[in-house]
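K.L.:
Residue strings, one per chain:
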Amino acid sequence: MTLLEHRLSPPSTAATAATAATSVSIAAALNAALRDALAVDPNVVVFGEDVGPLGGVFRVTDSLSAEFGESRVWDSPLAESGIVGTAIGMAMYGLRPVIEMQFDAFSYPAFEQITSHLAKMANRTRGRVTLPIVIRIPYAGGIGGVEHHSDSSEVYWTHTPGLTVVTPSNPADAYSMLREAIESDDPVIFLEPKSRYWAKESLTLPTSTASMLKAQVIREGTDVSLLAYGPTVKTALQAADLGATEGISIEVIDLRSLSPFDDETVGASVRKTSRAAVVHEAAQFGGYGAEVAARISERHFYYLSAPVLRIAGFDIPYPSPKLEEFYLPTAERILAALDTWEW
Amino acid sequence: MTLLEHRLSPPSTAATAATAATSVSIAAALNAALRDALAVDPNVVVFGEDVGPLGGVFRVTDSLSAEFGESRVWDSPLAESGIVGTAIGMAMYGLRPVIEMQFDAFSYPAFEQITSHLAKMANRTRGRVTLPIVIRIPYAGGIGGVEHHSDSSEVYWTHTPGLTVVTPSNPADAYSMLREAIESDDPVIFLEPKSRYWAKESLTLPTSTASMLKAQVIREGTDVSLLAYGPTVKTALQAADLGATEGISIEVIDLRSLSPFDDETVGASVRKTSRAAVVHEAAQFGGYGAEVAARISERHFYYLSAPVLRIAGFDIPYPSPKLEEFYLPTAERILAALDTWEW
Amino acid sequence: MSDEATALRTPVVPTQLPIRLIDEDGVAIDGQRAAGFALPSPETLIGLYRQMVLARRFDAQVTALTRQGRLATYPSALGQEACEISAVAALRPQDWLFPTYRDTIALLSRGVFPLEILSFFRGDWHAGFDPHEHRVSPQSTPLATQALHAVGLAAAARLRGDDTVALALLGDGATSEGDAHEAFNFASVWHSPVVFLIQNNQWAISVPFDKQSNARTLADRAIGYGMPGYFVDGNDVAAMFAVVSSAVEFARAGNGPTIIEGLTYRMEAHTNSDDPTRYRSTEDEARWRRLDPLDRIEKYLVGSGALTETVRADIAERAEVLAAATRDAMNADPVIDPLELFDHVYQTPRPALLEQREFLARELAETDAVVAS
Amino acid sequence: MSDEATALRTPVVPTQLPIRLIDEDGVAIDGQRAAGFALPSPETLIGLYRQMVLARRFDAQVTALTRQGRLATYPSALGQEACEISAVAALRPQDWLFPTYRDTIALLSRGVFPLEILSFFRGDWHAGFDPHEHRVSPQSTPLATQALHAVGLAAAARLRGDDTVALALLGDGATSEGDAHEAFNFASVWHSPVVFLIQNNQWAISVPFDKQSNARTLADRAIGYGMPGYFVDGNDVAAMFAVVSSAVEFARAGNGPTIIEGLTYRMEAHTNSDDPTRYRSTEDEARWRRLDPLDRIEKYLVGSGALTETVRADIAERAEVLAAATRDAMNADPVIDPLELFDHVYQTPRPALLEQREFLARELAETDAVVAS
Ligand SMILES: Cc1ncc(C[n+]2csc(CCOP(=O)(O)OP(=O)(O)O)c2C)c(N)n1
Ligand SMILES: Cc1ncc(C[n+]2csc(CCOP(=O)(O)OP(=O)(O)O)c2C)c(N)n1
Ligand SMILES: [Mg+2]
Ligand SMILES: [Mg+2]
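The listed protein sequences correspond, in order, to chains W, F, Z and C.
In terms of this note's numbering, the first sequence opens at residue 49 and continues consecutively.
In terms of this note's numbering, the second sequence opens at residue 49 and continues consecutively.
In terms of this note's numbering, the third sequence opens at residue 2 and continues consecutively.
In terms of this note's numbering, the fourth sequence opens at residue 2 and continues consecutively.
You can trust all of the hints, since none of them are fake.
Stretches of chain F that chain Z covers, calculated by requiring three or more beta carbons in the stretch to come under 8 Å of a beta carbon on chain Z: (1) 137 to 144; (2) 168 to 174; (3) 206 to 215; (4) 225 to 236.
Simulated from the structure, these hints should not be mistaken for laboratory data.
From the three backbone atoms N, C-alpha and C, an ideal C-beta is built for every residue, glycine too.
Model the full assembly from the supplied sequences, consistent with the hints where possible.
P.N.:
Structural data, given as structure tokens:
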């Protein structure tokens with residue numbers, strides 16, 4: 049059964065008995081996904097910095113080490129290259145490690161292990177050694193974090209062949225996509241939008257949403273296709289509301305998967321609206337929006353009435369807490385950008 | 049005197065007495081640039097793996113340690129994070145280190161020092177601590193290197209605010225741009241196209257070409273603006289030759305600076321030709337071409353008759369020697385791409 | 002590498018018990034436990050005590066301000082004053098300090114103004130002081146990375162023939178990072194004049210030392226790099242000062258680097274947003290509170306008669322003045338021009354970045370216009 | 002971490018002279034120098050000798066083929082056979098080997114077919130064998146990275162309750178990388194059943210050991226991680242086998258990791274494209290040629306009467322057969338389908354990648370058409 053097929057059927061392996069809908073945050077949904085994955089598959093292990101008794105600095109691994117014991121969920125020494133490197137060895141032995149980089153910028157010490165090994169091992173060995181590893185990375189800003197705590201480094205991963213890169217924007221996806229990521233035989237960079245960890249929705253767990261590899265039209269519109277992911281999905285929806293008051297009908301797409309890019313869903317929307325814009329927190333120059341814009345233009349040029357716009361961070365290091373509001377894309381900034389088009 | 053002004057005047061500080069033109073390779077030109085920089089500025093130091101008596105695996109530092117002594121040019125222990133990290137400390141003390149990462153993929157262990165410190169220190173300290181460091185990185189493929197020896201990782205650097213990223217494609221630029229990089233107060237990632245190290249031209253050293261921050265139209269044309277850099281400049285020129293035989297007039301631009309991007313030179317060309325394509329070895333997805341395409345479309349959309357094309361590597365790890373010919377962009381592939389346009 | 006050359010070198014193994022000059026009851030000791038180090042003079046000890054009192058008062062004030070929401074975050078060094086203050090007291094003006102986020106009180110002790118230190122934690126800007134003015138590097142967040150900067154700076158000073166020494170502060174957790182190793186090794190191979198001071202406060206956020214290392218002591222690491230290592234009672238300021246000073250002067254004299262491990266305890270939470278009840282016991286905390294470094298030196302100084310009530314009162318008063326000044330500084334609201342965001346990223350101006358600056362300037366002007374109207 | 006607990010642990014300091022069981026003249030020794038290790042049985046030594054002869058012949062053949070341009074590159078292990086062969090001989094089938102680019106002969110000795118090993122160096126594909134079949138990881142190029150894989154695999158085996166041991170090979174240069182340190186530390190904290198075998202061949206390309214480390218021995222590193230370390234004569238296969246086997250069984254018994262440093266010498270250039278005359282003296286090379294590990298064990302075995310002329314001739318013949326098979330394998334031209342480039346990057350098919358595959362397929366078809374026409 050391929051993963052895509054799998055997504056068409058209900059989750060086969062839910063350890064959490066379905067319950068009545070309750071208010072669930074992204075952090076709680078991720079926690080439930082980890083718990084259920086640990087329960088159904090003895091090969092799943094969770095380790096990293098402070099993921100044990102503390103439950104992670106964002107409490108995503110809350111109580112898991114107590115429930116499953118130290119041999120399934122444990123605190124490792126403090127070294128990101130070590131965490132990724134040892135996870136690779138474990139996966140070679142048949143485990144399915146789910147590891148955490150505590151904050152986005154703290155994944156950088158593991159860059160060599162991720163790009164030179166994790167991404168390349170399956171290709172190197174002609175598919176004989178696959179590495180079903182999930183690296184969870186809380187990313188992006190908006191939480192008033194001091195330097196190094198708010199980076200959006202998705203491009204470092206999306207530009208690296210061999211990695212799958214996904215990012216949920218809501219609790220249901222958080223649960224479903226993390227389960228799917230853990231079941232994937234490809235290494236997955238699982239980006240968690242830290243400013244949205246506490247965003248709640250009413251939800252019955254376990255839940256299964258669309259495949260993590262597909263984008264979703266989350267609000268229909270006719271004038272513009274506005275693409276967002278992770279932390280900027282909320283901003284995009286706000287922009288759609290604002291646009292509605294100004295008479296612009298904005299279709300919002302939650303990309304969910306950054307690598308691969310869902311050309312089909314996005315293409316259909318852009319061909320319909322003839323205009324596209326993408327919004328992200330990372331610096332614009334060489335940011336993920338560059339690929340989105342280049343791709344849409346390449347594939348749908350003659351459908352486009354205007355250039356694909358990027359509403360992104362400035363080309364500067366992420367600002368200090370007092371200044372981040374001036375950096376982060378806002379609904380107003382999105383609307384102002386759309387205003388620059390010749391309509 | 050700013051760097052831009054400086055470029056308008058002849059190099060003030062040439063240690064190599066001007067000689068009659070001789071045939072000079074890129075490797076030799078880089079060697080001369082290092083020698084002259086070491087001679088004129090006692091703060092310049094060169095260190096890294098095998099850059100001492102061996103002269104580097106590509107001989108770019110040939111004989112420098114013998115000439116300037118071990119306190120100016122030396123072999124460090126084998127650790128890239130260590131090399132970049134200690135260079136940062138040296139620069140804080142007033143030195144201008146020029147360091148080498150032996151091959152492109154071996155810069156990855158230094159990723160954290162480069163992105164979290166080198167790129168950000170000046171901003172962090174409000175300009176009080178600047179880091180005039182040059183990291184020389186032999187990059188890209190075409191030399192039949194085994195895995196990890198042919199990566200094109202320019203995007204990892206160009207997407208990181210705070211870094212200047214340049215790449216010469218010929219001996220004169222190699223000399224002039226390296227001198228300028230060493231004189232820059234910004235950290236510079238200096239990418240050396242390893243397949244072109246032995247490309248020669250008749251040259252008188254020292255020489256001063258255009259500022260390293262500017263792109264250059266190296267062949268005029270009217271139908272297409274073809275943008276290339278480093279190893280693909282030669283390919284682009286071949287494509288222009290081939291195009292001429294097919295009746296397409298291709299203007300070739302050597303970008304030289306990847307960050308910043310020279311919007312002015314490129315914009316002028318694109319507005320003239322109304323069509324643009326970019327060629328590079330790195331994987332297409334999120335590659336440098338994405339920024340180029342997105343940017344040109346944003347700024348010159350209504351001048352464009354066709355989408356900006358990217359002729360790039362496939363979205364796979366760089367192939368083994370026997371297969372690299374199928375991966376690398378060729379003149380034929382460029383022409384075939386241009387053929388996909390509606391003309 | 003002949004057998005003979007190899008045979009000549011015997012490693013110096015750090016002592017098995019942490020070096021100590023004043024015991025837990027505030028009584029000076031010597032003999033084996035002192036490992037040849039002598040008790041600093043009463044004047045020196047009074048000076049150290051004074052700095053510790055100021056530091057603790059400052060730290061308490063900042064913790065309070067953080068609880069009141071004036072700071073974005075604050076990692077307290079409560080309980081680590083003996084290490085922090087010794088590190089700075091052992092340095093001369095020409096020396097450089099490479100601190101972490103934890104080491105705010107070391108900066109204070111080095112003379113950086115409270116406001117200049119705290120503007121980082123308040124969220125104004127990433128570093129609030131001029132590193133060159135104080136010879137203090139920005140407080141490093143990426144763990145262990147600053148150790149390499151210290152090695153490089155020290156190496157540069159040595160190349161120039163200057164007698165500058167660099168001192169890098171590291172946590173126990175940070176020693177697990179690759180950069181810590183690379184720093185130790187580069188320093189030793191290059192004979193860089195650098196001192197690595199590991200504050201083993203036994204916790205890396207929630208991770209206890211026994212999940213961080215299986216070493217007998219972190220000072221033992223020194224053996225594998227061919228440099229001296231010292232395992233010191235990090236709550237004994239006399240011992241810490243004696244050992245750190247000696248290592249600093251050893252480096253200054255051209256003998257190369259040293260690793261010092263000070264065994265101490267992080268009495269507070271990791272930062273204000275941490276919750277230590279999730280991972281450590283109140284008994285453990287209580288045990289270490291009884292080993293308070295400030296109590297110990299005070300007991301000794303009072304016991305030996307070196308600390309008079311007048312001096313103590315004077316220091317306490319100074320501490321209150323400092324706390325008040327800190328409160329005032331932090332209660333004022335800073336004006337930071339958002340356009341400065343674009344000013345320091347590059348020294349060479351970039352047209353595209355200036356466009357972005359223009360964009361934000363226009364946006365701000367429009368907002369102002371809206372607000373004004 | 003009470004004083005008492007600390008006091009209980011005394012580090013084991015590696016011997017100052019490399020452990021040795023057979024001296025340079027091929028004479029068995031014991032006493033202090035043997036550090037308690039016993040000479041392996043004659044059968045074992047003959048087996049090791051045999052593997053060394055095969056390995057050397059193979060290595061010479063591959064070097065020759067590389068000079069003829071049949072391989073893209075080849076890093077020879079000439080002179081390091083005692084280390085390479087012991088590493089493998091000490092393992093059982095369930096164990097895993099984590100080699101580097103240097104350790105081709107270790108793979109050979111583990112039973113990987115010459116063609117499957119060499120297709121990497123010929124440039125066919127990045128790894129030519131099935132790691133699971135032989136329990137051998139692909140030869141790692143990024144230095145020291147594979148040490149972490151070994152630790153992780155060993156940790157996983159331990160979690161599963163299997164008695165698998167992982168052995169990671171490392172060069173002297175590689176020990177400078179951060180990953181080496183992280184591997185040592187993780188292994189020790191986790192008590193992973195892993196053996197780190199550092200082949201100190203005294204050169205990292207052109208960089209001599211004294212610019213790489215200021216340690217007395219690299220085995221001393223073990224002290225700082227709280228694990229055993231052994232400094233061994235890497236050209237004495239008897240000593241290497243005794244120490245590595247003992248460390249492997251120590252790990253298997255649940256006692257955790259060991260660091261072993263084998264002192265040896267890279268007799269060849271770094272790879273075929275290197276030029277050692279630029280950085281080392283012919284005297285140095287000559288001195289080490291006299292310390293050849295194969296000569297030494299041969300002298301011993303001949304001297305002790307264990308190696309008869311028949312056996313020697315038989316081994317030599319086998320070596321020639323191996324060389325011939327290797328030549329044949331390398332002289333055949335492999336057919337590699339360029340479209341395979343797209344097949345293994347992801348296990349989950351990607352539409353956009355299939356488009357690129359289609360593109361190349363069309364391009365190839367057109368080229369074929371042109372060639373055919
Ligand atoms: C490279 C890196 N990884 C992770 C973190 C997140 N982090 C911040 S402090 C900390 C614990 C550090 O412990 P230790 O070195 O003992 O210092 P202490 O906080 O106890 O002073 C962690 C994991 C970081 N800052 N940098
Ligand atoms: C991370 C990394 N940096 C640099 C290199 C380039 N390189 C390949 S081999 C080598 C020297 C390695 O020396 P050592 O570890 O002693 O192994 P030996 O070659 O002597 O077996 C270097 C610098 C690399 N492969 N990986
Ligand atoms: Mg700590
Ligand atoms: Mg070596």
